[in-house]
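Participant: The primary structure of each chain is shown beneath.
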Amino acid sequence: MGESAAPIFSSRTSAGGALAPRRPAARTPSRGEITEIVGRLSSGRTSYLLACLADVVGQGETAALVDADETFDPRSAAQAGIDLRRLLWVRCGSDRGVALRAADMLVRCPGFALVALDLGERVPRLPPTLSFRLKFAVRRTDVALLIVGRRRLTGSSAALALETSREGIEWTGPGPVPTRLARVRTRTRVLRSPGEEPGDSPPLWWTA
Amino acid sequence: MSRYACVLVEYFDAAAVERGEPALRAEPLGVVNVHNLEARLGRRGLSPSTACSAHIVDRARASRDGAPAAKIAMIVEANAEARAHGVHPGMTEAEARARCPMLVTRPLIEEYVLSARHALLEAALAVSPRIEDGGAGLVYVDTVGLERLIGDPPAIGRRLVHQARAVGLAARVGLAASRTAARVTATRASGPVTVVPEGRERTALAGAPLATLALSPDLAETLARWGVRTLGELAALPRAGLSARLGPAGLRAHDLALGLDHDPFRPWTPPPFWEEAQGLEWEIDSLGVLAGVLETVLERLCARLASASLAADALEVRLGLASGGHHARSVALAYPVVEVKPILTLVVLDLEAHPPGAPVTRVAVSAHPIRTQPGQGGLWQPPAPAPRDLVSVLARLAALVGADNLGSPALVDSHRSDAFTMLAFSPPSEPEPFDRRPPGPSPRPEGGDHRLAVRRVRPARRVEVEAVGERPTRVDARRVLGCAGPWRASGEWWDVDAWAREEWDVVLSDGALCRVARDRLAGHWYLDALYD
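Protein chains in written order, with my numbering: chain A, 1 to 208; chain B, 1001 to 1532.
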């Protein structure tokens, strides 16, 4: 079986002090910084995103999700433990420009603990000036900006970049023929983290 | 010296109608309200066989048999003329017409009643600055000091009657040392003004029936069982015995029978007029300049609201136009705010989307006031967006993506896997204990793993599936490396939107882990979601 579940998101206190990561092995988005999670389809990046949202909302904080392709599944989110009342969902109708502008507005609103931007499979090219603009806005308002997509968006403006990959699948069913997906095992690789060498985190199990 | 006056307008719902149609004062008038007969029978616990007439029974039966729901008009109020003919509230309209063929009926309209109630309060306020709203058709007036201004108690009573008549209401006034004594006196009076001399309250109330006190049904029944019919008989009972047998309710009834007030006087003040306006000597045809004027008007309005510890949760903006017309906009605020800048942003955004058709010559802004939550968040409560910031960002996002694409998702009680609805984003102000959170799926699966998320394909994309038996082997020409299923679900089979499907979890040769679903009614396959 997988290891015991622990909060993934590492937040800071409202006074600004950093909390010790409750799960040192898992790389986590931090407030005031940009974090990117990239990976292929079915690599666990969306599950990672929902786990981060659940950790934030579970602490009574408010989060926002800018959903470029309207792929967010509220039932999955509820199953992940997200109090949907604390989540602002912005649907952008597959318009990447609108999604970026919406994320830009949200990171400038102090009080959100986490703003997630899900760009799906089509990640646009972002000029470095806009990346820096996002970086400084996030730093000023102390919001954690988490960007999820097929490839990286903000380049060196991101403080942490992770890549997820799928390692295995488990099926389940009462008979010899499986009737349902049981679990998926993924691994997270650190692509960019200040002061750290890139490397792999321990595998995570995600139950369907 | 009398201290209180009670202004009483009998049969107030009927009086409110007569106020609008004075000609009805000489007619027997019944105010009717339409009820659903099934609900009425059910609420009263009556079977149709015990209903008052065979006519009603037939209509109820027709309702149960699937015919349109039976409606019945009930008399909810009748004026004195109608009551003289035996018409009383609670009768059906048909029954009332049987007793009084000349009966004129009017529907019950809440706005009429509210308007008349407000008019009566303002009429009393013209006599004394201290009045209390006692309910529909009932106003208490503090008369202390009025004798130097108006005269003796009868003169004060006559002034009150005159003021009520001026707003179209025929009132009776009782004056006594207490509000209870004044009300009972006004209820039983035959003339327009009745004054109870000081110290004679108990004698004046002695003959009044118990019903004038509006006691609780249980207490009234108990007293009736004891043979107590009048306030004098109740006042004559020993307090110790009443206390032992009836408790505080008995003592309270005894005090009322003696003409003593129990509740404090609650002064009524008219709701303030939350509007600020600005007339312009020049015509404004630019939104930027108009925003400057709006800011000035909003500053005055917000200052007034803030001084009363109120905030605005909706605004009405009315612009007078050079063409002679008006341009009116309603601006709803997601959060009650009293800060000028977010309100101004919202108003300007709204006017950008709906600009006036001609240059503006007058600006008026009225606010719907609301009392805001006092105090600040808890010391250990996580910070949340400030209401003024949140209002502003939500308005900007709504302008960017559309109001329908913004909010908090909420699950719908349905077997459809993608059933949800969007609610306005309004995060709870305080974290709730775990046992009070809304019910939902278990957040953590057994074994301590995290939950696997799916990415929805909206709308579900139709795919070509090759199958061996019922198991898919290819999806859109991509080989299926592994699959699990079927997982069957159906719903709404009782309706025109019936659906039935079977779901398969499949791993495709390109690495995608998908959920495909076959519509069992149409036979088509769809890509429903992607596990990610």
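For the record, the hints were derived by calculation from the structure and aren't laboratory data. Cβ coordinates follow ideal geometry from the N, Cα and C atoms, glycine included. It cannot be assumed that every hint is accurate.
Listed next, the stretches of chain B that the computed footprint assigns to chain A, with coverage defined by at least 3 CB atoms under 8 Å from CB atoms of chain A [as the list claims (entries may be wrong)]:
id, region
1, 1156-1167
2, 1265-1275
3, 1311-1317
4, 1477-1487
Pairs of lysine to aspartate or glutamate, DMTMM-like flavour, derived with a Cα cap of 25 Å [said to hold, decoys possible]:
id, chain 1, residue 1, chain 2, residue 2
5, B, K1341, B, D1413
6, B, K1341, A, D104
7, B, K1341, B, E1299
8, B, K1341, B, D1313
9, B, K1341, A, E33
10, B, K1341, B, E1276
Participant: Hint by hint, work out which the structure violates, then give me just those numbers in ascending order.
Facilitator: The structure conflicts with hints 1, 2, 3, 5, 9, although it agrees with all the remaining ones.
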